[in-house]
Each structure stands twice: as C-alpha cells, then as structure tokens.
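Chemist: So the protein sequences, as listed, match chains Y and X.
Numbering-wise, the first sequence is residues 0 to 185 according to numbering that gives the first Met the number 0.
Numbering-wise, the second sequence is residues 0 to 395 according to numbering that gives the first Met the number 0.
Please keep in mind that the hints were generated in silico from the structure rather than gathered at the bench.
Given the structure is predicted, the values throughout are model-derived calculations rather than measurements.
Any given hint could be a false lead.
[Claimed, not checked] What the simulated footprint calls covered on chain Y by chain X, stretch by stretch (three residues with Cβ under 8 angstroms from a Cβ of chain X suffice, anywhere in the stretch; the number is not a length):
{"no.": "1", "stretch": "20–28"}
{"no.": "2", "stretch": "50–62"}
{"no.": "3", "stretch": "71–81"}
{"no.": "4", "stretch": "92–106"}
{"no.": "5", "stretch": "142–148"}
Just so you know, even glycine gets a beta-carbon here, dropped at the ideal spot from N, CA and C.
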Amino acid sequence: MADAEGSGEDNSLANRAAEAVGGLVLEALETAKVGVAADRWAEALRIARDDLGLSFFSWLSAVHWANDPQVGDPLSAEVTERFELLCAVSDVTAGELVVFSTDLEATDPTVDSLIDVYPGADWHERECREMFGINFAGHPRPENLYLPNGFVGYPLLKSFPLLSREVKPWPGEVDVEDMPEVAGGG
Amino acid sequence: MTMAPDMVRHLSGAAVSVELETPDMTLNIGPQHPSTHGVLRLVAKVDGERAFDVQPVIGYMHRGYEKLAEVRNYPQITALINRIDWVSGYANEIPFMVAAERLMGVEPPDRAQFIRLILTEMARISSHLIFQASYPLELGAATPLFFALRDRERVLDLIESVTGGRFHPNFNRIGGVKPAVGAGPVTRKTIQDLPAGFLSETRDAMDRVLSTADELEDLVAGNEIVLARTKDIGVIPPEVALSYGVSGPILRASGVPFDLRRVSDYLPYHLFDFEIPTGENGDCWDRWWVRLEEIRQSASIIRQAVDAIPSGPLQAKVPRIIKVPAGEIYVRAENPKGEMGYYVVSDGGLGPYRLKIRSASFSNISILPWVLEGTLVPDIIAILGSLDFVLGDVDR
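Bound conformation, chain X alone (with noise of 0.2 angstroms):
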C-alpha cells in the first residue's frame, strides 16, 4: 500500500516537530481549583507528565494582619488572628495570650489551663478531620468525607457550646477563658462556665472520634489505589524538612519526633500521656498516618484532661486596661498544622509595638518547588493535599 505524497510529507512534518521541538508547556493551577483548598496557584512547567520549577504564587488572601496589629489592643488582636488558620482557630489564640500574659506577668488559673488545653486539642482533632475528608477526595474516595465531617461537627458543636463559634471562638482572655453568654447558668455572671454535660458528652464524642478513627483507617489504609498514589509519593527527607521549617505533622511523618506540646509549656501538656506518632518515609502516606494517629492521641489528651480537670475560677486579676509591659518574647505552639508562635514587641502601651506572626503552613508550602521538582502532575495533587494547608495561614 502506497501513501499519497502529501500524505507522506505530512506525517513526516509531523516526525521532525516531535523530534526537534518539545518546547515546555506552562501549566496554570489555581488559584481557583478545587485542590488549592483556596486561593493558592501553581505555576508548572511541564515536559509530557513531568513538573519542573513549580513556582507556588500566594497573597491572594492576605490581610496584613502584622500591619493591622500595630493598631489594635491586645484584647482586640484575638478577633485577627482567630483568622489566621481558620480550620482550628481556636488554636490560634493560645501562642499569643500566653505571650502576653508572660510579659504582665500573669499565670491563669489551672481549670481555664485546662480548658484551653480540652479546646486546642478539639481544635486539632476537628483540623485533622477535615483534612482526613478532603485528602482522600482530592484521590477519588469520596466515602470517608462523610465519616469525617459527621464526627468533625460534633467536636464543633462541643466547641461551640463552650465558646459560642464554631470557627472564631474569640474565647481567649488575657489571664484566662470567659464561657460564652448561654454557656453554664446565665443567671449569674460570676458563676459562668463550662456548659451542663460539657464534660460527658465530651467523653461520647471523644469515643466516637476514636471509633471514627478506626473507620477512617479501615476505608483508606486498604485501599490500593490510596496506597499507589500516596507510597514513594511527594518524599521529604526530615533534614530538607528542617532546612524549610516543615513542622508539625508534615516534620514528623519525615521521621523526626518533634513536638512542641512535649519540649513546651505553653499549656499543661507534660500532665498528661501521649505519645508522637511519627513515620517512616516521610512520604504522602505517612502524612494521612501521622495525622489519623494524631487524632487517637488527641482524643486520648481529651479523655484525661477532662477526667482531671479541676475546679476553682477560670480568670486570674487582671487590670480592667490591659497595658503590657515593655519586653520581647516568642512564644509557640504546636498548632494541629504545625508551629504557630507569636514574636510580640511590647513598649508598655495598649498595643503591640510589633506583632510578628509565624504560622505553620506559610514554612510548610515554602518547601513546595522542592518537592514537586520532577513529579507526575498527578502526583502534584496528591502532594498538595497531604501538606494539608490553609491559605489563611499561608497569607496571614
């Protein structure tokens, strides 16, 4: 059989344009997709399936927060950055109040310890949740989002029954916590505090978080496709983790047991047994893992702390006029996405001189040419959602 000559001439155009020029592609993800979980956006060069110098482009979400605080009082700047990580915004506000309250000199009684502690530890359990719904889509498995969200929202609706939000507590006050109006007897103000049954039905949900724990596993840990995407996926080893300031989760599934709740007093952490799960590979897979077991830990925190909580009041002396003293400190904490700290510059007035603002995912996706250097686009999703960021704390 004989071809046409234009035919002929065609196909061999074709052979030399393949051959000759292979000019690299630039693909745009985001800042609208699915996947970003916000507003991030992705600038790939890509050579047939291959990323190359992905360049991440964020500030599309940022509020200069570090500028608006120079404004604001102490009291006020909660309201900012309960904004920051609005996943586990509750968690937010503890790096800073122990900050302030470190530099007057204040110490708040043990039950609002407490029950910042029982708070922050829901807080991170809600996070990881959310994070244990969405990553597992962004694969394809759409199942294990309804497990998570069902239990996500009554961890909230605790959350919100002590705080009166759901999102942005604003809980925290200089020297201690102050119950929302409509939590415990409302009759009397100076008798306000945990909401009646808080604490048993603390204990319901904790043991249905852990049953959802098991659930979670069960659906996602066998699930070959799960495993093919995620193993040898998106690996970070944990001294390029460091290098990058990666922390929390993402620091310990890279192996390096690392946890600010241990080395830190911040809150009363070193009263109650748990364990840092931590993994192996440093790869997707160990980032859902260390983030499902983080749950069990958290919830295992929970069941003590509330077994142990003590009474007495939940607010130490503090002036009406919240004016702290000059002074620098760095205070942090180890948000449910990693190191979240506070560099206050005090001079002694209403307002931080200057407020710094070291949030967890700003240094976790800062390593993101590194790693996605050379992957499968594919890949690029499932990598991203294993880092498991939000924009808020990206951007601040």
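Bound-form chain Y, shown alone (with noise of 0.2 angstroms):
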C-alpha cells in the first residue's frame, strides 16, 4: 500500500534530517536512516529532539556486523567487525521516524549516553552494554538489566555461541524434508 509514495516522503525525511544533524543518508526500505560520526551522536540526537521535533524516544540498539559467526548464516560479503549503533526517535504529529547510526569499533566500542537527551535511553543502553559490550559514557548505572550481575561474554555477538543449541541440536532439523523443487498444490 502507497510504498512508492511512502518511500519517497520518507527519503526527503531523512535528507532532512541528515542535513540538520550533518550526517549521510542511509540506504533501508521505507525507513530514513542517517548515519553520523561516533564524536557527534549525542550532539546529533539532541538536534533531532530539539530542531528536527522528534521529541518521542523509540529505541535504541545495535547490531554486530561479523564473519564467521557462531550463529546463524554467515554474511554474504566480508565484513570489517564493527558494531552499528542504532536509535529510532519519532516525532508525534506526522509519526515521522528517523533511525540514526553510528558505526562503533570491535573492540572497546564506547560512545555518549543519551540519558540527557532522551532518559527513556537508559534501561536501552543498558541492554546494550549487556548485550553488545558497547560502554555509554556518563550512562549513571552501568549494570546489568537483564542478565546475573556477573555473567561472562556478551551473548548478542556473533561470536556468542547459541549455547541451547551446542547443548542439543535443533530438534526441528531431524523433521525438515527437502522442499520440492517444484511447486505443487497448496
């Protein structure tokens, strides 16, 4: 429904917003995407809030771009092991939505909290750290959210074993029949 129309509001959306906050346009479906540098994320976001008016918090995440993961299929083309930041602020008249990002370092990823921008940040950036590793500086709890105080590895790495799955295989595999290559009846 109305997707040529809805993509094309959405990319001047994120052109928008790109030039207001100095960043890039990036390419996702529907969805404007704005890529800016580490050094400038909280100060990008705090211009989304106040000049761009996305004033609601959606939410705040990563995803761990890897080869040779422990789960799931590997990338089709190499990577450089980085994590991609990422956060959903919308605004509440036109429900316009920008995702920004912002590429982190494998290792020792850190970057600004947002706590002061938007505090709904908190309990995400939380997830975050326990989840990726990713360290928010200023973030005033630092702790675990969901995972034991004490627990060892970051399980939403590529690198983090699925351990259900090393302990038993997936039950579903023994029932899985070859699909056919052609089509039949429904």
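Starting from two chains that each stand alone, build the complex the way the hints lay out.
Modeler: Following this line, the structure appears as structure tokens:
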C-alpha cells in the first residue's frame, strides 16, 4: 500500500534529518536512516529532538557486523568487524521516524550516553551494554538489566554461541524434508 | 501520677530514637506479587509511607528472542513473537509480517488484510478487557472482572475459531493469512476461509462488547473509592512520556493524540472512521478511561470492517522457500500496549541477520522510577496497574 509514495516521503525526511545533524543518508527500505560520526552521536540526537521535533524516543540497539558467526548464516560478503549503533526517534504528529546510526569500533566500543537527551535511553543502553559490550560514557547505572550479575560474555555478539543449540541440536532439524523442486498444490 | 523511673527512661529512649534515627526501609515488591502482573520486582526505599528511588528489576522472563531469531527462518519466527505480549499475541505478528513482506515486495490480498485488521482489533479488545478486569481488582473492586472476562472469552472464541489458537495464533503467513484446519470447509483446502457464521457472530459479539463497556463504566466510573485512588495519582506529563518512549494508551492518556493506526499504513486503517481518545491529566484515571474508550473504538472499527470485507484470495503468491532480499526496514504498529516494532536486517538469507524487537511495555515501565518517586506506597499498586504491562513484553 502506497509504497512508492511512502518511500518518497521518507527520503525527503532522511535528507532533511541528515542535513540538520550533518550526517549521511543511509539505505533502508521505507525507513529514514541517517549515519552520523560517533563523536557527534549525542549532539546529533539533541539536534533531532530540538530542531527536527523528534521528541518521541522509540528505541536504541545495535547490530554486530562480523564474519564467521557462531549463530545464523554468515554474511554474503566480508565486512569489517564493527558495531552499528541504532537509535530510532519519532515525532508524534505526522509519525515521522528517523533511525540514526553510527559505527563503533569492534574493540572497546564507547559512545556518549543519550540519557541527558532522552531519559528513556537508560534501559535501552543498559541492555545494549550487557548484550553487545558497548560502553555508554556518562550512564549513571551501567549495571546488567537482564543478565545475572557476573555473567561473562555478551550474548548478542555473533561470536557468542547459542548455548542451548550447542547442548542439543535444533530438534526441528530432523523433521526437515527437502522442499520439492517444483511447487505442488497448496 | 508518677511513672516508675525505668519507664521514664524507656520512653525517653524511644523518643530519642524516633527523632534521631529514621533509617530508610527497603521494601521489596515481587517478583511473585499478584499486582506486578508476572515477575516484575520493585525495590523501593520507603520513608514512612512515601517511596523513593524505586528501581524495577526485570529479566526474570528474558527468553532471548533477538538471539533466537538469528537461528530461525522467517516463518518460524512468528511462533516466537506470538509469545512476546501474550495477552494480545495476534497483534505481535503483524509488524513483523509486514516488515518481511515489504522487504520481499509482496503485498497481501485485501481480504487477508481485512482479516488481519479485524483480528488485531479483537486482540486489542481482549487486552483492554483484561485491563478492565484486573485494574479495579487491584483497587479492591472485584465485580468488573466477571463482566470483562466474560466478554473477553467471547472475543477469544472468535479469534480461536479463525486461527485455532486463543493466545498464540501463529496465523499469519508471509503474503497473507492461513485459517486453521477446521475453519471453513475442509473438504477442499483451496477454499479454506473464515469459518461459517464468523461475520454475524462477530457483529453480535461487538454489540455485547459495547454494552459491557457501558456496564463497566457504570460500575467503575461512579465508584468513589476508584476515583479517590486514581484521580491525580501517577500523573505523567506528555513531554516526560515522550522522552521515555512511553506509547500507546498511556501516552494518549497524557493528552498526546498519537496513534500509529492514523499515521502508518501497516494495515488499511485509513478506510475506517475512528476516534483517538485522549486524556487530560495523564493520571491513572485517564489511563483507565482511554482504554475503556478504545474498546468502543475497536468494536466500531470491527463492525465497519465486517461490513466492508472484500472477497478474494487470502494469500499472495510467494516462493515455497521464503528468502528475504538484503535490506533493512523498521515497521511499527499500534499494539494494545503501545508501539510494537521490528527492525529487520536481512542479508538475503532464510532468516534475519539481526532482529531488533521494540516492545511497548519495556519502554512503558522504564518510566517507573520517575513516576513512582515520592508516591505513597499504596499508590504504587494503583500506578503499576494503570501502566498495563505484560512481563513477556518487557523482557522479550
């Protein structure tokens, strides 16, 4: 429904946002995505809130770009190992949502906390810290949110094995039949 | 009358200890407390009857869906995401399906979209009826529970008659919907459709839901105890709600008329007339009222959709093996509890490279330390209940 029209609007939103925060428009389907430098992360979000009117904090999370994953299929092309930090903020009249993105180094990733801009980032950053090992400078309570204290490792890293799968192979595996080459009746 | 010397000494000692030493007490609520709707734990410092520095402790229900999704293929993930917010399991499936479909360039047929919309609104009614049942109960009024659960059962029966599941329908397919075995004529699979009589039963059920909403309003809205416990309690100003990412009925109770059904096109809501109820004060009472009014609006949407449902196929043409082209998309939907969204990063494989699940309750209860600061201890329960969260939706 209205895909073409929607993406046109989104692109102009992405352009506006990129211009305002001094970033680059990144490719995403029907989603305005803007890349900014890591050292301008908190400032870019502050501009987004104050100048672009994106006052609603939707979510913050990360993607671990890595080769040779322990879980899931490997990427189709080699990548430089890094973290991509994502933060989605939205306005509440037209529902314009922008996903801001910044790349962080694979070793000791650190970025400024957004708590002063969006207090709601608190739990999202704690989750991101314990799941990916990303440090948020200025976060007042960098404690585990989900995991027990003293947990070793960062579960959402691609290098972190899915332990239940290690102990017992995916039980569905044995039931899988080969799909027929030619599509039969439904 | 004179006191014995030792008694005087004892009393003066007590007075001294009261004046000089009032250590804060730490009050632990949950994780097995009925008012926490599951395994939420609150650690509050209390000074007399006032609570300070309330810290929610979550994670007792954390199942690691974001990690699990990386080893599942797209059709399998539906079974996982049903279980995020199990009170409205059906509604969880929609944004994920839409995300996968848009990446694939598939559009479900109109009839499938209408069925999705009807069932999503039924999920909203059932979720809000649970709230209408449990919230007065937490405030000490047991009667509304029976009215609300009776009609929730009717709605769940309707969902079950189409999908085969009451809580975890697992009903959507990429490109459409698949009615359960037994729904519709089963002699020929190709004409499986909504079960016979579904549309007329839905009309009846919506009439009953509307009259139950009136009954609930009669029962609760005039109750002085409920009013005293909820009016001006737990006020969340709109700017605070926004900065914490609080969404859904809680945000609208704070006076922000933001509803993704209006501004997003994940389902054809633009075809229907409905209002966005908003509160004025952002207190517990407004949150109760907004959810009651949303039941009425949902019933109205369902009645319009039932009257206008087009005929036609239920499934768009998709490959036998679902592969989603490389790309990224964020699709969000107005779930009963608020904004539910999925950020899908696909590398062209059978499953997503990364699936970020944005659930409503997680952000909604992250405001707890702010809103509970300085409240009276009994109000903690009233405020917790008014946020209407589900722990599966918090922990994912």
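Chemist: All hints, please: hold or fail.
Modeler: Evaluated hints:
1. Given as covered by chain X, the stretch 20–28 of chain Y passes the check, having 3 residues with a CB less than 8 angstroms from a CB of that chain where 3 are the minimum.
2. Coverage of the stretch 50–62 of chain Y by chain X holds. Counting CB-CB distances below 8 angstroms, 7 residues qualify, and the rule asks for three or more.
3. For the stretch 71–81 of chain Y, the assignment as covered by chain X holds, since 4 residues bring a beta-carbon within under 8 angstroms of that chain's beta-carbons and 3 suffice.
4. Counting residues of the stretch 92–106 of chain Y whose beta carbon lies closer than 8 angstroms to any beta carbon of chain X gives 5, which reaches the threshold of three, so the coverage claim holds.
5. Here the stretch 142–148 of chain Y counts 4 residues with a CB under 8 angstroms from a CB of chain X, which clears the bar of 3, and the coverage holds.
Hint violations for this structure: none, all hints satisfied.
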